[in-house]
Amino acid sequence: MKALSQKRRHPLAALALLVMGLMLTGGLYAVVTTVNQAKADTTTYTAQEVQEGEKLFIANCATCHGLGANGTDAGPSLAGVGAAAVDFQVGTGRMPMQMQGPQARQKPKQFTTSQTREMAAYVATLGDGPALPEEQYIDGGGDAAVGGELFRVNCAMCHNAAAAGGALTRGKFAPPLAGVSSSHIYSAMVTGPQNMPVFNDTNITPEGKRDIITFLNTIENQGAPGGAQLGSLGPVSEGLFLWTVVLGVIIGFTIWLTSRTS
Amino acid sequence: MSTTQQTPAQETPFVPATATGRITNFVDERVGGSGILREFGRKVFPDHWSFMFGEVALYSFVILLLSGTFLTFFFDPSMAETHYSGPYVPLKGVEMSVAYDSTLRLSFEVRGGLFMRQVHHWSALLFVAAVSVHMLRVFFTGAFRKPRELNWVVGGVLLILSMAAGFTGYSLPDDLLSGNGLRIIDGVVKSIPVIGTYISFFLFGGEFPGTAIIGRLYMLHIMLVPAMILLMIAIHLFMVVVHKHTQYPGPGRNDRNVVGYPLGPVYAAKAGGFFFIMFGIIAFISATFQINPVWNYGPYDPSPVSAGTQPDWYIGWVDGALRLMPGWVFNIPMEWHIPFPWGTNTLSMNVLAPALIPAGIVFTLLFIYPWIERWVTRDNREHHVLDRPRNAPTRTAIGVAGFIFYCVMWAAASSDLIATHFEVSLNDALYWMRALFIVGPILGFIITKRVALALQRKDREIALHGRETGRIVRLPHGEFQEIHAQLDDYKRYKLVGFESPVPEEGIPNENGIVTKKENLRSKLSSFFFEDRVAPAAPSELEAGHHHEAITAADDDKAITH
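Which chain is which? The protein sequence lines are E and Z, in order. Residue 133 in full-length UniProt numbering sits at position 133 of the first sequence, and the numbers go up by one each step. Residue 135 in full-length UniProt numbering sits at position 135 of the second sequence, and the numbers go up by one each step.
Any given hint could turn out to be false.
Claimed, not checked - Restraint ranges, calculated between C-beta atoms of paired labels, are given here:
{"hint": "1", "chain 1": "Z", "residue 1": "Glu530", "chain 2": "E", "residue 2": "Val249", "range": "40 to 50 Å"}
{"hint": "2", "chain 1": "E", "residue 1": "Asn203", "chain 2": "Z", "residue 2": "Trp328", "range": "43 to 53 Å"}
{"hint": "3", "chain 1": "Z", "residue 1": "Ile447", "chain 2": "E", "residue 2": "Ile251", "range": "23 to 33 Å"}
{"hint": "4", "chain 1": "E", "residue 1": "Leu240", "chain 2": "Z", "residue 2": "Pro302", "range": "27 to 37 Å"}
{"hint": "5", "chain 1": "Z", "residue 1": "Trp328", "chain 2": "E", "residue 2": "Cys64", "range": "47 to 57 Å"}
{"hint": "6", "chain 1": "E", "residue 1": "Val31", "chain 2": "Z", "residue 2": "Pro302", "range": "31 to 41 Å"}
{"hint": "7", "chain 1": "Z", "residue 1": "Leu356", "chain 2": "E", "residue 2": "Leu240", "range": "43 to 53 Å"}
{"hint": "8", "chain 1": "E", "residue 1": "Val249", "chain 2": "Z", "residue 2": "Gly470", "range": "45 to 55 Å"}
{"hint": "9", "chain 1": "Z", "residue 1": "Pro339", "chain 2": "E", "residue 2": "Leu24", "range": "42 to 52 Å"}
{"hint": "10", "chain 1": "E", "residue 1": "Gly127", "chain 2": "Z", "residue 2": "Leu356", "range": "53 to 63 Å"}
What the hints assert, rightly or not - If you want the ones that stay clear, here's a sample from chain E, every Cβ over 10 Å from chain Z, calculated:
{"hint": "11", "residue": "Gln6"}
{"hint": "12", "residue": "Lys7"}
{"hint": "13", "residue": "Arg8"}
{"hint": "14", "residue": "Ala13"}
{"hint": "15", "residue": "Gly71"}
{"hint": "16", "residue": "Asp128"}
{"hint": "17", "residue": "Val153"}
{"hint": "18", "residue": "Asn160"}
{"hint": "19", "residue": "Thr218"}
{"hint": "20", "residue": "Gln222"}
{"hint": "21", "residue": "Gly239"}
{"hint": "22", "residue": "Ser259"}
No lab work stands behind these hints: they were computed from the structure. Just so you know, even glycine gets a beta-carbon here, dropped at the ideal spot from N, CA and C.
Taking the hints into account, I'd like the entire structure generated from these sequences.
Spelled out as structure tokens, the structure:
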């Protein structure tokens, strides 16, 4: 202790103190929070599934993602992307990709549900990543109003407030969300496919994600109280409809009215 | 005294037989209704469908007043904060303004409320569209010429007022979509040098969005703007009565008469019926097609911005101009930092220029165009017979150029939807539209002028040689010829009854000098009238018919034209 007190006026003492303080707070933070902790995949896959998944991977994915899924110039490494990423990309038909482009396009699914699960099992073994969503968060039993607020703040700038989709730069786009399954919406939020950012569990808690899914289910199922929606695209489709259909009908009537006398 | 004065009263005063007749007579003797009816009932209106857009605008305005009054019974323009507790589940408990809350209640809890909101919104869109189409018709047929120049200006003011009415109404529900639009207006206002920030603060009662703007827009929307529109409509219609209606060219029609049917009873019945037809169409559309679903957008909050945010169609062109404007032109930034002794001030030309310049160009040209044409042609006569658009090629071409200029900006406001729905890159769509913004009007001008001249030539050809009958005749020497049939006089009149001014040299003033202004007029005159097709003159027609007679008589070799 004496040695320590003698050195307390050493020129580097302040620096040492700073380092110690940072180590302490950083260490405590790491211990207390679970933010940056890569989630261990709690889903249990059988060895059989992993094996089958690897075979499917080598036959269908390795061309771009590399034999050990280490990535090539044509596709990224899949270590740590998690089972959720496979579930979303393969489950919605985006992978295997039809062609290189600004964004992988959705197309009919190429694999069955069990094949997708096998590939997810294989990819999950490559490194810790987001697991398949838990049932309790995708049941659509959350609070739609809270979900709506979260959606407007976090999602509407790309997907549109009515989830009708929107354009991004250079041919990229945020797709409309009607018809996307709850599980895929959840997976998309945790894995950030294509140009979508990752919304991790501190950004939007799993309960928040559940609320968002509830909101999306609600607005999709409620229908349109005011009649035909014209694509939910807002003033553009309304204006187009007015200038073509409404004005067309009115012009038809004016022609009828003025043709009767002459 | 009293007895002497009784004599004139003995002129057997008219006493109607029935009670209704007596009441009518009582009113008529005091108001003079029959005199008014005699005057107005005999006003003659020519029949053409394109003359009815003004009526469409008027009727949609009436529907707007009626449905708008209904909405004011339930709408509360307060920006006080509240929590929604109505039946719409996805917004339950959400914090929002009273204005948005009352719009939701109006939509979901008031019987017929949503229907009336949709009636109001659809007829608002239709109102501005009808005003615009009406103006296009007036422009392309030359109906703005003397004596109607001032009425054209009143019409232009009505267009601006209808846009103002639309915009102030669009913002009232205080939903996310309209709030985003208001934020853009705030940005444009703030880009005005020196006074912009002050105007924004006065307008919003402090920093955007404040708690005052909805109430202020509401007062403008339900009092000032509609009152001004009503006043302008009154002036507009008064001038229509004074000037009488224009008519399309035809046999027996000239600048001193109007050929058509009187207001009473034919037109009164037609116009009355047309109002109900319009009401029916709008009611049907409002009952079956959803418009501005504010519940989808959520309450306004300055932080979220939704993708696909556009204004209603009539403000679209200004939004489009903002989207088209590049932040950098080549290597020159459009945001200028100007050093002053007191520090650096910013001038955001990337916002200010697109917001003000295109609208400035469009409205300035729109307002002064009648005087430009009047000055160039030195035409001081009254015109009550309209031009067919092809018979004024340069005017039609200018109109189309302006129309394209407008439409490119209009389309640019939906650049994001063009990108997603036609699967093109948003950037490419914008680059193309930037090019079209410059090139489109020029191409439009050239092509339209050529098309108009070509149509005129075809008219001339038909007037001179008749129409093709499809009957091929073989002549004795073996030549095949198609027989042309002459038009009847009524049809031919339409093809030859127009004016085609010739370009004018500059006229020297009293000192014998052609002034610069006069020189400019002469240049503009050539620009307008250099390329021209003269209407077939009677002598040419005579010669043409003679020529037809020769060929029909199977005379020797026909002179081909």
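Structure-based check of all given hints:
1. Z/Glu530 / E/Val249: 40 to 50 Å: holds, 42 Å
2. E/Asn203 / Z/Trp328: 43 to 53 Å: For Z/Trp328 against E/Asn203, whose Cβ atoms are near 33 Å apart, the range 43 to 53 Å is violated.
3. Z/Ile447 / E/Ile251: 23 to 33 Å: Given about 24 Å between the Cβ atoms, the range holds.
4. E/Leu240 / Z/Pro302: 27 to 37 Å: Holds - the Cβ-Cβ distance for E/Leu240 and Z/Pro302, about 29 Å, lies within 27 to 37 Å.
5. Z/Trp328 / E/Cys64: 47 to 57 Å: For E/Cys64 against Z/Trp328, whose Cβ atoms are near 37 Å apart, the range 47 to 57 Å is violated.
6. E/Val31 / Z/Pro302: 31 to 41 Å: At roughly 38 Å between Cβ atoms, Z/Pro302 and E/Val31 fall inside 31 to 41 Å, so the hint holds.
7. Z/Leu356 / E/Leu240: 43 to 53 Å: violated, 27 Å
8. E/Val249 / Z/Gly470: 45 to 55 Å: violated, 36 Å
9. Z/Pro339 / E/Leu24: 42 to 52 Å: holds, 49 Å
10. E/Gly127 / Z/Leu356: 53 to 63 Å: holds, 56 Å
11. Gln6: holds, 54 Å
12. Lys7: holds, 50 Å
13. Arg8: With a cut-off of 10 Å, E/Arg8 remains clear of chain Z, as the shortest Cβ separation is near 47 Å.
14. Ala13: holds, 44 Å
15. Gly71: For E/Gly71, whose nearest Cβ neighbour in chain Z is about 26 Å away, the distance exceeds 10 Å, so it holds.
16. Asp128: holds, 33 Å
17. Val153: violated, 5 Å
18. Asn160: violated, 4 Å
19. Thr218: violated, 5 Å
20. Gln222: violated, 8 Å
21. Gly239: violated, 3 Å
22. Ser259: violated, 8 Å
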